[in-house]
Amino acid sequence: MSSIPHDHAPGHDGHHHPTGLMRWITTTNHKDIGTLYLWFSFAMFMVGGVMALTIRAELFQPGLQVVDPEFFNSMTTLHGLIMVFGAIMPAAVGFANWMIPMLIGAPDMAFARMNNWSFWLLPPAAILLVTSLFVPGGAAAAGWTLYPPLTIQGGMGMDLTIFAVHIMGASSIMGSINIVTTILNLRAPGMTLMKMPLFCWTWLITAYLLIAVMPVLAGAVTMLLTDRHFGTSFFNAAGGGDPVLFQHVFWFFGHPEVYIIILPAFGIVSQIIPTFARKPLFGYASMVYATAGIAILSFIVWAHHMFTVGMPTAGVLFFMYATALIAVPTGVKIFNWLATMWRGSMTFEAPMMFAVGFLFLFTMGGFTGLVLSIAPIDMQLHDTYYVVAHFHYVMVAGSLFAFFGGIYYWLPKWTGTMYDEKVAQLHFWASLITFNVAFFPQHFLGLAGMPRRIPDYAQQFADWNMLSSIGAFGFGFSQLIFLYAVVKCVRGNGAKAPARPWEGGDTLEWTLPSPAPYHTFETPPVVK
Amino acid sequence: MVRFSQGRPLAARLLAGLAALLPAAAHAAREWNFQQPATDIARQQIDLHSFIMWICVAIFIGVFGVMFYSIFRHRKSVGHKAAQFHENTMVEVVWTVVPFLILLFMMYPATKTILAYKDTSSPDMTVKVTGYQWKWSYDYLQDGFGFYSNLKTPLAQIQNREAKGEHYLLEVDNPLVVPVDTKVRLLITANDVIHAFWVPAFGLKQDAIPGFVRDGWFRADRVGTYRGQCAELCGKEHGFMPIVVEVVSKDDYAKWAAAQKTKAAAAGGDPAKVWTLNELTARGGDVYAANCAACHQANGKGVPNAFPALDGSKVATGPKADQIAIVLEGKANTAMAAFKQLSDADLAAVVTYTRNAWGNATGDALQPAEIKAARK
Amino acid sequence: MAPAPSRNDDGRVRAANVRTALALASIAAVFFGGVIAAKFMGGWTTGMGVVGFAVLLFLGFAIGRNLWRGRR
Numbered sequence: 001m002s003s004i005p006h007d008h009a010p011g012h013d014g015h016h017h018p019t020g021l022m023r024w025i026t027t028t029n030h031k032d033i034g035t036l037y038l039w040f041s042f043a044m045f046m047v048g049g050v051m052a053l054t055i056r057a058e059l060f061q062p063g064l065q066v067v068d069p070e071f072f073n074s075m076t077t078l079h080g081l082i083m084v085f086g087a088i089m090p091a092a093v094g095f096a097n098w099m100i101p102m103l104i105g106a107p108d109m110a111f112a113r114m115n116n117w118s119f120w121l122l123p124p125a126a127i128l129l130v131t132s133l134f135v136p137g138g139a140a141a142a143g144w145t146l147y148p149p150l151t152i153q154g155g156m157g158m159d160l161t162i163f164a165v166h167i168m169g170a171s172s173i174m175g176s177i178n179i180v181t182t183i184l185n186l187r188a189p190g191m192t193l194m195k196m197p198l199f200c201w202t203w204l205i206t207a208y209l210l211i212a213v214m215p216v217l218a219g220a221v222t223m224l225l226t227d228r229h230f231g232t233s234f235f236n237a238a239g240g241g242d243p244v245l246f247q248h249v250f251w252f253f254g255h256p257e258v259y260i261i262i263l264p265a266f267g268i269v270s271q272i273i274p275t276f277a278r279k280p281l282f283g284y285a286s287m288v289y290a291t292a293g294i295a296i297l298s299f300i301v302w303a304h305h306m307f308t309v310g311m312p313t314a315g316v317l318f319f320m321y322a323t324a325l326i327a328v329p330t331g332v333k334i335f336n337w338l339a340t341m342w343r344g345s346m347t348f349e350a351p352m353m354f355a356v357g358f359l360f361l362f363t364m365g366g367f368t369g370l371v372l373s374i375a376p377i378d379m380q381l382h383d384t385y386y387v388v389a390h391f392h393y394v395m396v397a398g399s400l401f402a403f404f405g406g407i408y409y410w411l412p413k414w415t416g417t418m419y420d421e422k423v424a425q426l427h428f429w430a431s432l433i434t435f436n437v438a439f440f441p442q443h444f445l446g447l448a449g450m451p452r453r454i455p456d457y458a459q460q461f462a463d464w465n466m467l468s469s470i471g472a473f474g475f476g477f478s479q480l481i482f483l484y485a486v487v488k489c490v491r492g493n494g495a496k497a498p499a500r501p502w503e504g505g506d507t508l509e510w511t512l513p514s515p516a517p518y519h520t521f522e523t524p525p526v527v528k
Numbered sequence: 529m530v531r532f533s534q535g536r537p538l539a540a541r542l543l544a545g546l547a548a549l550l551p552a553a554a555h556a557a558r559e560w561n562f563q564q565p566a567t568d569i570a571r572q573q574i575d576l577h578s579f580i581m582w583i584c585v586a587i588f589i590g591v592f593g594v595m596f597y598s599i600f601r602h603r604k605s606v607g608h609k610a611a612q613f614h615e616n617t618m619v620e621v622v623w624t625v626v627p628f629l630i631l632l633f634m635m636y637p638a639t640k641t642i643l644a645y646k647d648t649s650s651p652d653m654t655v656k657v658t659g660y661q662w663k664w665s666y667d668y669l670q671d672g673f674g675f676y677s678n679l680k681t682p683l684a685q686i687q688n689r690e691a692k693g694e695h696y697l698l699e700v701d702n703p704l705v706v707p708v709d710t711k712v713r714l715l716i717t718a719n720d721v722i723h724a725f726w727v728p729a730f731g732l733k734q735d736a737i738p739g740f741v742r743d744g745w746f747r748a749d750r751v752g753t754y755r756g757q758c759a760e761l762c763g764k765e766h767g768f769m770p771i772v773v774e775v776v777s778k779d780d781y782a783k784w785a786a787a788q789k790t791k792a793a794a795a796g797g798d799p800a801k802v803w804t805l806n807e808l809t810a811r812g813g814d815v816y817a818a819n820c821a822a823c824h825q826a827n828g829k830g831v832p833n834a835f836p837a838l839d840g841s842k843v844a845t846g847p848k849a850d851q852i853a854i855v856l857e858g859k860a861n862t863a864m865a866a867f868k869q870l871s872d873a874d875l876a877a878v879v880t881y882t883r884n885a886w887g888n889a890t891g892d893a894l895q896p897a898e899i900k901a902a903r904k
Numbered sequence: 905m906a907p908a909p910s911r912n913d914d915g916r917v918r919a920a921n922v923r924t925a926l927a928l929a930s931i932a933a934v935f936f937g938g939v940i941a942a943k944f945m946g947g948w949t950t951g952m953g954v955v956g957f958a959v960l961l962f963l964g965f966a967i968g969r970n971l972w973r974g975r976r
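Chains as they are written, first to last, in the working numbering: chain A, 1 to 528; chain B, 529 to 904; chain C, 905 to 976.
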């Protein structure tokens, strides 16, 4: 059978592909690359997590105890960049690599060698970011949003960060082109677009968003670079530029980025809930339209991150209305998931627990998002810990919880071994409780007036900060349970997984044996 | 709409009770809601927030009531058989349209407040606010005086060598003073990077952007001291540039303003005066502490790899003209900002101080006239 | 070998893949170049125009392509 991966990598016929390290460096197999993405993302999750714990250790009490303010700023900056670009986004791409070909009945991704390249660009970018901590002047300390003119002041750590962003952007764009092409051109016969599992739909739309906005970010940081070294003044008022324009361009990238982070999570949850409710997804078509609606709206709401820069009143009103409007398609999705659960026959294995935890906590993040979209309230809450709490509810309890659910959901298919249900349930409850202890009090801090990104704070914020730090350390250590559960499963230490470990699973991947063979669907399945 | 009430609702008391389980001491350490408002805008913001929070709470209870009912009743372990419905256009339309209508209901008061917030017309007085790394300055444009406002909390408290005071990190040497019941318009800008002027009790937050002037306003209706902070990351000392506003009676304000005007006239001083080395280093020490010590440190050692030492540096012991140029114009692409906004006497004093403090002993005593000559 | 012509005909699938990829890459290039060029010329409205036009272009492309595939 001559299929696409064979064209790219002659000799990869499943019998004598290279072993050891060379296998992973040269691989063009979507499953290997998916695995690489997921492990890379976990490693970055740990690195970013250590930075978060450094931040929380410093904020445990008022006064400066652990780090000095400049290093503290580097920590907040790198924590943001590493978690967004190093942990969450690669994890989503890892899921896409593993699952999209299996869900649409394709033999592999459309461009297998480009797939290898998009992954192997990431480790150098991560190395640039981490080594920037050790160069003279320290790492970038201007926040992950990189606002000039503060970014013009930094040392060479800033330049390393800019290059890292360039490389990660290139990686994302290539990955996205690959995903869109795979979904559009390689579906099995009979698999029409409106029959695809919802995970493929959310990724298709995410990939379009990435292709549109990653170049914008790359453009913005390129202009920063030329402002820093080549005497241009895009963002320098003294030379006729405007620092606020950077913010417009950055958030034109940054708001769709929020949906790039959450849409794949929506997709995973939309696979998990019907399986464990033993009932088809409610309102499939409206889910697709809601996803597309969210994506389109995400291009016209960016300036709600900038209500306090002093926009004209008409601008504030427009962005406030457009932002609030996003609540409508997002609400439709929540209601559809609830209707899927309604009158189902539910069981609550770890993937379902994470999906329900996602629904509950993501909705809370959605409500605080609605509060923040109201411009007059945002004038108080902008750049406070309320915002920090809000985006951790949607990114951690939202995306990350959905990814945990997805990992437990598909681990039996990936490894051929069932994960340890008791350990996974412990991981869920530990994460759920410590997450809320860490982040719920931050709402109070924000309301009471604590700005974000400060290494030291006034006395009236002391108690909630202490509680938040305790929760954060608990959450950090809870993730070791996750590592244990995954490693146990990967080493084959557990019950053997059947081809269809979940009674309600009716998508194509469950028709394959567990673990999924190295090459799948070389003969396309027929979809009725 | 519900007006902001002084009494604490049940939820507040429950929460406070919960918080009492925490180890730490003072009640003030666990503020959990908006600060007491002192302007009508801040009051409207709080009302709006309560209004929207209650709507959210109602939706939350409704939606998750349904979810938890379903979780407990529609589970396999209680023998529930799955229905197979998966579409209903009517329901989809309802749960698209109803949230939309709820949003319209929220947008009306929000729009009213934002129109009021943005209306900076016909102020009674105007103050220009400038953000610096890392302090604020206030210029009373109609009265022709102005001053800097620096953090007053001693370093020993920040470094945990002394007990922290009541207003730790929220105290300054010279607060912004304004009269009560007066519409004060602020013209807000910055000298180096973006800062943000924020006083929670006034509900006012406005970014200070270098090269651009933005405005905001407030009308405080209670006499008192109100504290805020810079709200936009502006570098190393971002957490250490508070804002303190004293709202005083109109009479007190008139007296204060008159005193400030007299002081401003006197501060011009005699430009021909020749200063002694001791006078210069004494004054220079104060200027250094307020403007330079944040980076170069009180001991002149700087911070390795970030901010250069002055103690023994080539600049502070080399030619005077080079050092004056750097202090006046800053150094491109570094954190060293231009300090030409300081007076000739202050600059002469601080340069003299750095050339004679710590291990530096050049013996130079710069005169204000030299700075004046170096200004272009 | 399954009787699935679109899959067995490797050349055609590959050509289609490359066409899709080039179209997508050109969108990325327009956004990258557009944002800098617009800034260089100094017009914020120009920037918004370029970006908005490109959004519509790629939407039109995606929808149009889908319709065309459906008709075939």
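No lab work stands behind these hints, which were simulated from the structure alone.
Accuracy of the hints is not assured; some may be wrong.
Stated by the list, open to error - BS3-like cross-link-like pairs, simulated, lysine-lysine; straight-line CA separation at most 30 Å:
| no. | chain 1 | residue 1 | chain 2 | residue 2 |
| --- | --- | --- | --- | --- |
| 1 | A | 528 | B | 680 |
| 2 | B | 868 | B | 848 |
| 3 | B | 604 | B | 711 |
| 4 | B | 656 | B | 868 |
| 5 | B | 640 | B | 680 |
| 6 | B | 692 | B | 680 |
| 7 | A | 195 | B | 829 |
| 8 | A | 496 | B | 609 |
| 9 | B | 791 | A | 195 |
| 10 | B | 646 | B | 711 |
| 11 | B | 829 | B | 900 |
| 12 | B | 604 | A | 528 |
| 13 | A | 488 | B | 656 |
| 14 | A | 422 | B | 604 |
Structure-based check of each hint:
Proposed proximity of residue 528/A and residue 680/B is contradicted: the alpha carbons are some 75 Å apart, above 30 Å. A threshold of 30 Å between alpha carbons decides the hint, and for residue 868/B with residue 848/B the separation of about 16 Å falls inside it, so the pair holds. Our distance criterion of 30 Å between C-alpha atoms is broken by residue 604/B and residue 711/B, whose separation comes to about 65 Å. Of the supplied pair hints, the one linking residue 656/B and residue 868/B holds, its CA atoms being roughly 18 Å apart against a limit of 30 Å.
Straight-line distance between C-alpha atoms of residue 640/B and residue 680/B comes to about 39 Å, which puts the hinted pair past the 30 Å bound. Distance hint between residue 692/B and residue 680/B is fulfilled; the C-alpha atoms sit about 12 Å from each other, no more than 30 Å. Proposed proximity of residue 195/A and residue 829/B is contradicted: the alpha carbons are some 68 Å apart, above 30 Å. Our distance criterion of 30 Å between C-alpha atoms is met by residue 496/A and residue 609/B, whose separation comes to about 28 Å.
Proposed proximity of residue 791/B and residue 195/A is contradicted: the alpha carbons are some 79 Å apart, above 30 Å. Taking the CA atoms of residue 646/B and residue 711/B, the gap is about 13 Å. The hint holds against a cut of 30 Å. For the suggested pair residue 829/B and residue 900/B, the alpha carbons sit about 29 Å apart, so the restraint of at most 30 Å is met. With a C-alpha separation of about 29 Å, the suggested pair residue 604/B and residue 528/A falls inside the 30 Å cut-off, and the hint holds.
For the hint pairing residue 488/A with residue 656/B, the CA-to-CA distance comes to about 64 Å; that exceeds 30 Å, so the pair is violated. The hinted pair formed by residue 422/A and residue 604/B meets the criterion: a straight-line CA distance of about 19 Å does not exceed 30 Å.
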